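Protein chains in written order, with the UniProt record's numbering: chain U, 1 to 408; chain L, 1 to 408; chain S, 1 to 408; chain W, 1 to 408.
Just so you know, the hints here were simulated from the structure itself, not pulled from any lab data.
Here the structure is a predicted model, which means the values were calculated and not measured.
Hints may contain errors.
Same chains, same names: a pair is fine if it fits in one copy or spans any two.
To be verified - Heads up, simulated DSSO-like pairs for lysine-lysine below, C-alpha to C-alpha not over 27 Å straight-line:
id, residue 1, residue 2
1, Lys-143, Lys-383
2, Lys-174, Lys-256
3, Lys-103, Lys-5
4, Lys-407, Lys-336
5, Lys-407, Lys-230
6, Lys-158, Lys-174
7, Lys-383, Lys-336
8, Lys-22, Lys-383
9, Lys-249, Lys-174
10, Lys-194, Lys-407
11, Lys-172, Lys-249
12, Lys-383, Lys-194
13, Lys-336, Lys-230
14, Lys-158, Lys-383
15, Lys-348, Lys-194
16, Lys-348, Lys-256
17, Lys-348, Lys-5
18, Lys-6, Lys-230
19, Lys-6, Lys-383
20, Lys-103, Lys-383
21, Lys-58, Lys-103
22, Lys-103, Lys-336
23, Lys-348, Lys-174
24, Lys-5, Lys-383
25, Lys-407, Lys-143
Residue-level listing of the chains:
Protein chains: 4
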Amino acid sequence: MSAPKKVVLAYSGGLDTSIILKWLQTEYGCEVVTFTADLGQGEELEPAREKAVMLGIKPENIYIEDIREEFVRDFVFPMFRANALYEGLYLLGTSIARPLISKRLVEIAAETGADAVSHGATGKGNDQVRFELAAYALNPDIKVIAPWREWDLSSRTKLLDFAEKNQIPIAKDKRGEAPFSVDANLLHTSSEGKVLEDPAQEAPDYVYQRTVHPEDAPDTPEMVEITFEKGDAVAINGEAMSPAAILTKLNELGGKHGVGRLDLVENRFVGMKSRGIYETPGGTVLLEAHRGIEQITLDSGAGHLKDSIMPRYAELIYNGFWYSPEREMMQALIDKSQEHVTGTVRLKLYKGSVNTVARWSDHSLYSEAHVTFEEDAGAYDQKDAQGFIQLNALRLKLLAARNRRLKG
Amino acid sequence: MSAPKKVVLAYSGGLDTSIILKWLQTEYGCEVVTFTADLGQGEELEPAREKAVMLGIKPENIYIEDIREEFVRDFVFPMFRANALYEGLYLLGTSIARPLISKRLVEIAAETGADAVSHGATGKGNDQVRFELAAYALNPDIKVIAPWREWDLSSRTKLLDFAEKNQIPIAKDKRGEAPFSVDANLLHTSSEGKVLEDPAQEAPDYVYQRTVHPEDAPDTPEMVEITFEKGDAVAINGEAMSPAAILTKLNELGGKHGVGRLDLVENRFVGMKSRGIYETPGGTVLLEAHRGIEQITLDSGAGHLKDSIMPRYAELIYNGFWYSPEREMMQALIDKSQEHVTGTVRLKLYKGSVNTVARWSDHSLYSEAHVTFEEDAGAYDQKDAQGFIQLNALRLKLLAARNRRLKG
Amino acid sequence: MSAPKKVVLAYSGGLDTSIILKWLQTEYGCEVVTFTADLGQGEELEPAREKAVMLGIKPENIYIEDIREEFVRDFVFPMFRANALYEGLYLLGTSIARPLISKRLVEIAAETGADAVSHGATGKGNDQVRFELAAYALNPDIKVIAPWREWDLSSRTKLLDFAEKNQIPIAKDKRGEAPFSVDANLLHTSSEGKVLEDPAQEAPDYVYQRTVHPEDAPDTPEMVEITFEKGDAVAINGEAMSPAAILTKLNELGGKHGVGRLDLVENRFVGMKSRGIYETPGGTVLLEAHRGIEQITLDSGAGHLKDSIMPRYAELIYNGFWYSPEREMMQALIDKSQEHVTGTVRLKLYKGSVNTVARWSDHSLYSEAHVTFEEDAGAYDQKDAQGFIQLNALRLKLLAARNRRLKG
Amino acid sequence: MSAPKKVVLAYSGGLDTSIILKWLQTEYGCEVVTFTADLGQGEELEPAREKAVMLGIKPENIYIEDIREEFVRDFVFPMFRANALYEGLYLLGTSIARPLISKRLVEIAAETGADAVSHGATGKGNDQVRFELAAYALNPDIKVIAPWREWDLSSRTKLLDFAEKNQIPIAKDKRGEAPFSVDANLLHTSSEGKVLEDPAQEAPDYVYQRTVHPEDAPDTPEMVEITFEKGDAVAINGEAMSPAAILTKLNELGGKHGVGRLDLVENRFVGMKSRGIYETPGGTVLLEAHRGIEQITLDSGAGHLKDSIMPRYAELIYNGFWYSPEREMMQALIDKSQEHVTGTVRLKLYKGSVNTVARWSDHSLYSEAHVTFEEDAGAYDQKDAQGFIQLNALRLKLLAARNRRLKG
């Protein structure tokens, strides 16, 4: 790979990406464009601008954007239509944000005439894969610089030395190392590394940031009603909201009741297991609600097909293949199923749990006339079950007869 | 079908199966053998014997058996190795008991020279299918009598009239109809029908029988440690126990903390949706624990394969195909994966929730050396990620180049 | 089911459906509307009109239609986009025609105010299921009359007696029974029953109707070029044609070279095995060609996903679930994949075989620059393979290390 | 990776692996052990011994083995139980041989105290992945040397110079480059590269080595009967034979009739498409026969499950994951299904085609009594189909009613 001339960097304004910024300037002598996004991580963005300016970035090369609505509308919601869970439990909070960041990096590269993009993910994790697969899928000629795989700043000491030498200000609390590493966006907060590395040790209480401890949650349950249209949440307790506003509100509700914590050992795409602590309060509520509305509005054939491809869909997103033909094909299948996933679910939040307690819809397929224990008016003829069972049993009988014949 | 001569009836001792018993005698003039099993439903069995005698069953035709160990060892545990959930949520508590009952019915038929078996399931539900598919798979020539699909005792009044006419004693509380219908065994209690038929109405508190309301559960969390060997739980808090004892103990723990409630609208095999309230305290704890131990002992390739076939496996059990070649093939696949699923999980039970908080095992595949944020000693070369990403990206780049070529 | 008042009958003009026509009139005293379709079965339709008139059907109640284009465009082609094969071998020639017939029956019922439809399929086969599931999916209130399951004309003699008594003319060659049963349309001819019932006996030569014996095919191979656009064939040897014209031409070519014969024992949906002789000359050529063009235009992720769902898709069509949410969801997935399946394939036809020998496309993803054995100009860095293999191997190494640790 | 001390090389005796042998000696100064295997590639092995001696390999370091029986019994046959086809068409002839070679390399390394193994596969293909994944799965600490990814002998000229400088004899016909590259073993011959690189150009006739041109095949068809036991072929035309003898005989028969040619553009695991010409005469016959015997002995539930996982199983083998938990899990599933796949198939070979024409078995599930068009004696009650259809239709009716309700 020839040296990059102009690089768009995913820039948080923090110490690590500031070091990367400076390293790109010094290592490659290249112009740097910074992209700082509000994905709902809960941090001010303006300090990032100031810091970029201070590090010599030209004002026209500083991009700061609020992309929360796009994030929820075009990434989170489509994924939730699938009830996606990686390895049965993980709501993919980090995975789903990466392709959007790459998309903007590549778009800004096109706007600014940059030939490369750069990110601050390490060489051991999934995020490097997600950033880079998305970037290459959107621009096959883009260069991707992953400093953590290239440089020799491989210890905390070396990093701090580099920062000092290059006059990058170091906040006091950054001199020592953080006891664990955090990623956050509107969907979740994840924590991993350091004090969390031994999966036989319980995670310390101080790790949790977005949810109260269930023991500290209110002693009274709270009910919430979520309304869906074509598979997407559109209102809470009857109030219509934008996608990002919905997720923000659900985070507030879920967080207050200690909902959405997960202590997981998962399999990374790069081949090793890792342990993470996830907090996905709003997402956990949303998944439960989406399942609840699907229960009455989705046909069994449709639902079972969705269930059967979900693990592969989730794996694709986890592995970074959002922008791949197979993810888009599955999305077409999933979206097709959501045409009638419209209606309202009532849920109960209480000390770490969220449970569907009621659901209703004009699009409901539930038929009391068919299921009732009461004498019914002919909606269903119980005698049909006889033939249904006989024909389903036929091959089993033929098998049993064959086995008996061979034995006897 | 010619008339049966001798019928083995799945007999609970309750009013409905007593009516069936008498109806079989009068309708077909046939000899009846009763089979009453302790599957952990929590009812005395001896009253069933007395009642059978009273209804004219010969002592040698009365079978009363405790089959709890076989139930958990050969049915529940194999199913839990798969982390089976029907439609994402249901732990299959009723489904998994039916094939065992049918197996004993068919075996007793062989022992007693009976040519038919009979059950008390209605023509609208799944249980008729499960009973009958299992029976036919085990004996292709067996006759199955399903009185609810045949007789004209289609209302409560007619049933009671028939009972009175045939001197079947009717307990006072059975004169009126129960407000909902219940099935119970060591794995779960399910409730459905009547007051539960409208899925937009919350289930009344009095429906729950096996779990305390989360609000009434202890204010202090309780920790429990479950030890697995080859995918099956073998000890609780360090104490080795039999399969049924394990499940009994987990039911006690889960029930005390309000764990394992589920309000679900599901798709029946016979084509309609129905709403059920399930309580599976021990099973819910067991599933969480099994997932916890798999997280560190199961390889990702193995785990993802299991995840991808699980929905179909669960559907097979739900639909009554326990005794089918395809369920047995899947079981072979699942069991093969469990060779190293050995180790211990610590869980926290609190007011309706159960969560893994720690897990350890001699069979662990988790490698701190590979995952650590600390400088590592060469277990993993971050530069390898470069090639890994480039080759995974290659097809995406070729796609992007093709699309660009066609557009430009 | 209450008695039908007006019935739309799928009417071939042959003896069996003429008997059904009369039986409907006499059994139910109802008005009959006949629907006779040209699906490419190779029979004149006007004799059916004459016969219907003769049997007392009012002219305005006689529907005769050429639906070959709709058949190929909306049913055959979408199915071929999936490379659908039932049980690895069967091209679904009968299965795919049934839903279209039902669709027209239901539409004509709406136009004519009929409350029922009727078909001539027996109670043992798949076709009854396909006709009826499609009809119910399109009109949940429609009645379906399946005379073969209802009447007592269960022997050839009884049928002929009924025909004579009702003055239905019987062609001389119909007095004796045909040695096997045939279904034909533009996609295939299938033969089954009677002389074909023993799968250990080779099918007699006279069974084949649409293809020459490979031994009698020309001694010189013939090349044919098929051009595709978005997954559908649009031209043969450079000549653009309509869907039905394409299939007609391919039938001619394939038939001449003895291509597309299949002797199969398959599993019916109703539970038993049956043996069929299928001739699908054009379809066999089309499948080979479609695979050929996908080889260069379809990405591996897309192709492998298609392959993995194909068996289920084929099973749905075989079982009669064309009009089901899950088939439509899969179709959305498949169609999404075909956007770039555009280009031309050259095939060689010779004495029973058809083989792709060349393919080219502007949409090709094949890159000689990447694959070449020659020294390349940097399109691919072989060193990347090192990292790719290392990370793919990581979990296998961790497994091997675990196993060694436990043993040693 | 530290330098290897002793390397076991997969050595063919040809020019390329002789160069590798010498390069390993000179580059690393390490001792080399050669492993030359008879996998049925049709070459003499003793010349390899002489050449190894000449290149300075100690006699005790020269391993020459006939592993054809192990190859067919433990690799080819298990794979054929699955009817494995990669991308719908490829019989995996190269893929299935690699893990066995790696297994012996690793075993010989253990026997000889070697710390590394080496192979002659390039950095662009699948074989490097297959060799190395298998090696690492069997010994996580083994070193693998892939000279083609390391050295700078990247052109024909440089290779020949190296050979001359190191006194490696060069056969006259090796001075110029071969017009394409070949891999062969008892299952197949594959050809790729050079003259085959353009998929729009037909493969020249001279590429084919193991099969006659269909046009040159006998004008008279030949019948062959293959007998299976538990899924594996055990006899041809009634004569019992060893696995390797079976495949050898089928190669002879298939090759004589021009059966088993394939011109394919496939997707390599490393991300690019490549074009190969495959000749798999015996394997093509075997696959057809295995499908034929499964048709009558395998239950539909079992068969459909096998079909649905086959693409993933084939992909695993293609990608080099033979020694992986998921392949072994699938094998357990597949093997479980083959218990009754016992019986005989008659096939017709003729000018490039092989077709099943008859099959019979004591284990047959085919029931003429059930399927017959003749009046049957009650094996099947056509009225059962009514209920079967009604319950299968129920959800489709509920869907249609819902959609009508919303529209009207």
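Are the CA atoms of Lys-383 and Lys-194 at most 27 Å apart within a copy, between copies, both, or neither?
-> between (64 Å within a copy, 22 Å between copies)
Is the C-alpha distance from Lys-6 to Lys-230 at most 27 Å within one copy, between copies, in both cases, or in neither?
-> So Lys-6 and Lys-230 fail the 27 Å test inside a copy (43 Å) and across (39 Å) alike.
Can you tell me if Lys-58 and Lys-103 fall within 27 Å by alpha carbon in one copy, between copies, both or neither?
-> For Lys-58 and Lys-103, only the intra-copy Cα distance (22 Å) is at most 27 Å; the inter-copy one is 59 Å.
Given identical chains, is Lys-336 near Lys-230, meaning Cα to Cα at most 27 Å, within a copy, between copies, both, or neither?
-> Answer is both; intra-copy 9 Å and inter-copy 20 Å each pass.
Is it within, between, both or neither when you check Lys-348 against Lys-256 at 27 Å Cα-Cα?
-> Classified as both; 13 Å inside a copy, 20 Å across copies.
Given a CA cutoff of 27 Å, do Lys-172 and Lys-249 count as a within-copy pair, a between-copy pair, both, or neither?
-> neither (34 Å within a copy, 52 Å between copies)
Checking Lys-103 and Lys-383: alpha-carbon separation at most 27 Å within a copy, between copies, both or neither?
-> between (58 Å within a copy, 24 Å between copies)
Intra/inter-copy verdict for Lys-158 and Lys-174 if alpha-carbon distance must be at most 27 Å = within (14 Å within a copy, 54 Å between copies)
Given identical chains, is Lys-6 near Lys-383, meaning Cα to Cα at most 27 Å, within a copy, between copies, both, or neither?
-> Between copies, since 23 Å is at most 27 Å while 75 Å is not.
27 Å Cα cut-off: does Lys-158 pair with Lys-383 within a copy, between copies, both or neither?
-> Only across copies: Lys-158 and Lys-383 sit 19 Å apart there, 79 Å inside one copy, limit 27 Å.
For the identical chains here, do Lys-407 and Lys-143 meet the 27 Å Cα criterion within one copy, between copies, both, or neither?
-> Cα proximity of Lys-407 and Lys-143: across copies only (22 Å, versus 68 Å in one copy).
Given identical chains, is Lys-22 near Lys-383, meaning Cα to Cα at most 27 Å, within a copy, between copies, both, or neither?
-> between (78 Å within a copy, 22 Å between copies)
The structure does not agree with the numbered hints 2, 7, 9, 10, 11, 17, 18, 23 stated previously, though it agrees with the rest.
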